Every structure is written in C-alpha cells, then in structure tokens.
Amino acid sequence: MNPQISAFGMAFLFILGGIVLVLLGLAVASLLRPHRPNVEKLAAYECGEEALGSVWGQFNGRYYVIALIFVLFEVELVFLFPWATVFGQKELIEITEGRWGWFSLVEVWLFIGILVLGLAYIWAKGHLEWLKPQPQDTDYQSKIPAKAYERINRTYQKNKT
Amino acid sequence: MLSLVFFLLFIPLFALAGVYAERKVSAFIQDRLGPMEVGRYGLLQTLADIIKLLLKEDIIPSLADKRLFKLAPLIIFVAVFAGFAAIPLTPTLIGSGLQVGVFFILAIVSLDVVGIMMAGWSSNSKYPLLGAMRAVAQIISYEIPTGLAILAVVMICQTLDLQSISYQQGIWINHYQHLEADQNYLFGLKPLGIDITLVGGFLTWNIVRMPFLSIAFVIYFIASLAECNRAPFDIPEAESELIGGYHTEYSGLRWAFIMLAEYGMMLLVSFLGVILFLGSWNTPLPNLGYLALADWTSGKPDTLWGQLTSIFWLFSKTFLLIFAQMWIRWTYPRLRIDQLMYLCWKVLVPFALAIVLLCGVWRLWMV
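Protein chains in written order, with my numbering: chain Z, 1 to 161; chain S, 1001 to 1367.
Calculated directly from the structure, the hints in this document are not laboratory data. Check each hint, because a few of them may be wrong.
Distance condition first, Cα-Cα at most 27 Å in a straight line; then the derived DSSO-like pairs of lysine-lysine [claimed, not checked]: (1) Z:132 to S:1024; (2) Z:41 to S:1346; (3) S:1126 to Z:41; (4) S:1346 to Z:125; (5) Z:41 to S:1070; (6) S:1070 to S:1024; (7) S:1126 to S:1066; (8) S:1066 to S:1052; (9) S:1190 to Z:90; (10) S:1346 to Z:132; (11) S:1190 to Z:41.
Distance ranges between label pairs, derived from CB positions [unchecked claim]: (12) S:1367 to Z:82: 15 to 21 Å; (13) S:1211 to Z:140: 51 to 57 Å; (14) Z:27 to S:1311: 29 to 35 Å; (15) S:1305 to Z:131: 55 to 61 Å; (16) S:1198 to Z:72: 18 to 24 Å; (17) Z:79 to S:1009: 35 to 41 Å; (18) Z:9 to S:1211: 35 to 41 Å; (19) Z:46 to S:1330: 43 to 49 Å; (20) S:1071 to Z:65: 36 to 42 Å; (21) Z:4 to S:1333: 45 to 51 Å; (22) Z:9 to S:1178: 18 to 24 Å; (23) S:1198 to Z:60: 53 to 59 Å; (24) S:1181 to Z:6: 24 to 30 Å; (25) Z:27 to S:1189: 56 to 62 Å.
On a predicted model such as this, the values are computed, not experimentally measured, just so you know. Virtual Cβ for every residue (Gly too), placed ideally from N, Cα, C.
With the hints as constraints, model all of the structure from the sequences given.
This is the structure we're talking about:
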C-alpha cells in the first residue's frame, strides 16, 4: 500500500481520537452532574435583563466583505503552496540551466501582483476601514485645580519610596 | 500510534499546567501571588477546577438550536486536535508522516472557525453572536498573514513535509531521504561559500538560513496570537464588553472542551512556529572547532540519546514561546476592532507579501 494512504489513515485516527476524548469526557460528566433545569436557568444570558426577540437576523455587512476578501486571498494561497514546493528544485533548475527558477518566479510575481492590485483597490475603496470611535472635546471645566492632583501624586510617590 | 496516545494524554495535562502557569505568570507580572489555597503554592488549583467543571450542570438554553449547540465544542476541539497529527516530536516519531503536513495543519485548523460560528449562532443570544462574528472575522483575517509567513518557509525549504523541514535545520540533514546530498551554507547563500552543514546549531535555523524569515517569524507570531484569540487580540471574548464571547452560554464540560481547544491551539501554533522557524528539534548550540557542542547536545536521529535530546529541545523552545504568549497577554492592552483590521490588512499582509517575493529570489540564490 502507498505509505501516504496509511499516513492519511493515521490523521483520521487523530480525528477519531479527538471525538472519543470529547464524548468520553461528556459521558463521565453526565453520570456525575446534576440535572435540575428551570425557566430562569435556561433563559439566554443578558446580564439579568430578560432577553427580547431572536438574534437570528441581521448583522453588520462589513463581516461579509471581510469574508469575501478572505476567500480571495485563501484561494491565492492554495495555488501558491504547490508552486512553492517546485519552483526552486535543484534538478529542474539544472536541467534548464537556471531558466526554470527565474521563469516560474516571475510568473508568480505577476500572479501576486494582480492580487496586490486587488488589495490596493479594496484599500482605496475603504472596505478595510472599520467604524472608529470619535472622541469629542467638551468645554467642561473641572472645579478642582490641577495642583490638587499634583499634590496627591507627590505624597503617593513619597510614601512609595 | 505512540504520538496519538501521547497527545491524547498530553493536551489535557498541558491545559492543566498551562492554566496554572498562566495564573502564576499573570500574578507575578501584576505583583500578586496567584492561587495559593489548594495544595502547596496552589498547585492543585486547576485540578480542583476540572473537578468542579465535571460536576457542573449542563445548561442548554431553551431558545438555542440544540443540535448545533451540542456539536460545536466537538468540532472546535477535534479541529485543533487533528492538527497535532502532522507535528514531529522527534526525528523518527511523528503522528502521521504526511508529505503535505503543513497544508494539512492549515486546512484542518481552519475548521475551528466553523465550530466557533456554530457555537455563537446556535446560542441564540446577543453576546455569543457578537463574539462569534468578531472571532470569525479576526481568525479568517489573520489566516492570510499566517499562511503567507508559512509559505515563505515552504519556499525556502521546498517541501510541505514538516519532518523534512526539521531535518534541514540541523546537523542531521543528510540522514533524511532525498536530503542525502544537501548542504547548508551560511545565510543559505552558496556564493558565499561558507559550508556550515556540520556546524549546525542556530546557524542552520530557518531564521538564520534566510535572515528575512526572522521578520516572517514575527508576523507569524503576531498572527498566531490572533488565531488563538489571545490578548491583545481577545476582542472575540472581551470580558468587559462581551461576557465570554461565543462561549457565554456554555457551562460545565462543554465549556471546558472549548477552553481545552484554546490551550491546544496555543500549543499547536507554538509547535508549528518552532518547527518552521526555530530549528524544530535541533539543538541551538553549534559545533565550534573542538567544541562540538551540537554533536554533544543532539544524538544521532535513531538512537535513544537522539530521541531524548530532540524532545528536550523541541519542548523547551515551545514552552518558551508559550511563555512569551502569556507574557504578551499580561503586558499589552486589548486592541480595538478597527486597529485589529488595520494591523492585519494594512501592515502584516503587505509585509508578508514582500517577504514572499524576497524569499523567491533568496531560494534561487541558495541553489
């Protein structure tokens, strides 16, 4: 059998092992833990307030844009990984007297270049901006003079040393 | 098989020790004592916590989508746990000798996001949903710089096999198949003509073999903090605004498995960082003339001494990285979400792309 098939089998065993560990833990816990539900306990947590309405509705559209950009770049990565393992292989470079390496490298630079253009476009369009908090100045004047604070700081410093 | 059994036992143990260490580290950083009551120096504190979690009532909100709610911790944990299959522990011990190990880890760990989204969505409560949205946006965003930094390593090493990447970074390079005739030059540059194949030590680590990879390592480390949802990137579970983020509604052992996955993720990204950038299981000490430090501190790959030394070096480097993660968590304040997106898309991604371009040229100089 191809050793790579058994290697994937082993990886599958890790997945099974993880599932068994979780289920075993939950099974042990279900034997030990109490089960006394009531309406209050089973309500959604909202800091003591009663939760109003369902949350399965709208969410900020920015998350959708980020997800789209992610898909774009992740697909790029998927294409780049196989390339990364062959573009610098010694044998291939020797056969072609060095042309293979530079040719494939320039090709990928073009490929990445197009993606960078995409990133620049998204950047310029402002899709990477998130809502920023806008602190506002007030004209409120404190009645406590600044000197009072300084005095407290000084005494604190003195006590510390 | 040995590796599977090892990780099944080691990850819960690591979480026990890790939570305790995190509390102590945070306490010492903040000039406190940390847990002191349970056991000597509070050593049994996390064990007591686990027993408490085991005895906790399992609460599933009545409005929740119960099937997804129950399935989510399983997916989150299994996605992270499966990633350990491709981690080499010693020169000969590896869960599964996948030739596409790096790719496998990237692919399977991404499924974590599905579990997080399921947990947040199925809870049918406001905090978990907000937390899940933020977590997913953050994790998928930071997957791009992580992927690009890893791609840079793959370009230098020309393989996706983590064991081969490990061998390439030390004095035993010629003991691995397909690498019998390979040589390491100082900074990876053949024209310089300084052959350091038998010198080894930190000089053959990837961050020195290709000096720009040290920048890639910094990018990887920052992005991996975000992948683990750890401070300063803990916006998804910002306690002061979101209670617990996507796991607000979880209790008892289901919650424990989500936390276990988080600590597993810390361990996994640290392992991967060490293997890709910091010389894997190779010793940091080089052979210097008569002082054959590398030969003394790392045995031949198939001997018992070789196994022991490689485990020692791999784990000490990994724990050092984990300590750095904790140190950063208790030093920096949380980022705001616009700062988070700025850092990822406008700083890390352009730098990572530049490093990928540079690595291509460097690799062609290396052969």
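Tested hints:
For the proposed pair residue 132 of chain Z and residue 1024 of chain S, the alpha carbon gap of about 36 Å is over 27 Å, so the pair is violated. The hinted pair formed by residue 41 of chain Z and residue 1346 of chain S fails the criterion: a straight-line CA distance of about 44 Å is larger than 27 Å. Proposed proximity of residue 1126 of chain S and residue 41 of chain Z is supported: the alpha carbons are some 16 Å apart, at most 27 Å. Note on residue 1346 of chain S and residue 125 of chain Z: the hinted pairing holds, with a Cα-Cα distance of about 13 Å set against a maximum of 27 Å.
At most 27 Å may separate the alpha-carbon atoms for a hinted pair to count; residue 41 of chain Z and residue 1070 of chain S meet this at roughly 17 Å. Under the criterion of a C-alpha separation no larger than 27 Å, the hint pairing residue 1070 of chain S with residue 1024 of chain S is inconsistent with the structure, at around 33 Å. Pair hint residue 1126 of chain S plus residue 1066 of chain S holds up; C-alpha atoms about 16 Å apart against a cutoff of 27 Å. Restraint check: the Cα-Cα separation between residue 1066 of chain S and residue 1052 of chain S comes to about 24 Å, which is no more than 27 Å; the hinted pair holds.
For the hint pairing residue 1190 of chain S with residue 90 of chain Z, the CA-to-CA distance comes to about 13 Å; that is within 27 Å, so the pair holds. At most 27 Å may separate the alpha-carbon atoms for a hinted pair to count; residue 1346 of chain S and residue 132 of chain Z meet this at roughly 16 Å. Pair hint residue 1190 of chain S plus residue 41 of chain Z does not hold up; C-alpha atoms about 68 Å apart against a cutoff of 27 Å. For residue 1367 of chain S paired with residue 82 of chain Z, a C-beta distance near 19 Å keeps the hint of 15 to 21 Å intact.
The hinted window of 51 to 57 Å between residue 1211 of chain S and residue 140 of chain Z holds, with their beta carbons roughly 54 Å apart. Between residue 27 of chain Z and residue 1311 of chain S the C-beta distance comes to about 32 Å, which sits within the given range of 29 to 35 Å. Our hint of 55 to 61 Å for residue 1305 of chain S and residue 131 of chain Z holds, since their Cβ atoms are close to 58 Å apart. Between residue 1198 of chain S and residue 72 of chain Z the Cβ separation comes to about 45 Å, which falls outside the hinted range of 18 to 24 Å.
Hint check: residue 79 of chain Z to residue 1009 of chain S, Cβ distance near 39 Å, so the stated range 35 to 41 Å holds. Our hint of 35 to 41 Å for residue 9 of chain Z and residue 1211 of chain S holds, since their Cβ atoms are close to 40 Å apart. At about 30 Å, the beta-carbon gap between residue 46 of chain Z and residue 1330 of chain S misses the expected band of 43 to 49 Å. Between residue 1071 of chain S and residue 65 of chain Z the CB atoms are about 28 Å apart, so this pair departs from the stated range of 36 to 42 Å.
With their beta carbons about 47 Å apart, residue 4 of chain Z and residue 1333 of chain S fall inside the hinted range of 45 to 51 Å. Separation of residue 9 of chain Z from residue 1178 of chain S is about 23 Å and conforms to the stated range, judged on CB atoms against 18 to 24 Å. At roughly 57 Å, the beta carbons of residue 1198 of chain S and residue 60 of chain Z sit within the given window of 53 to 59 Å. Taking the beta carbon of each, residue 1181 of chain S and residue 6 of chain Z are about 28 Å apart, inside 24 to 30 Å as hinted.
At roughly 58 Å, the beta-carbon separation of residue 27 of chain Z and residue 1189 of chain S lies within the given 56 to 62 Å, and the hint holds.
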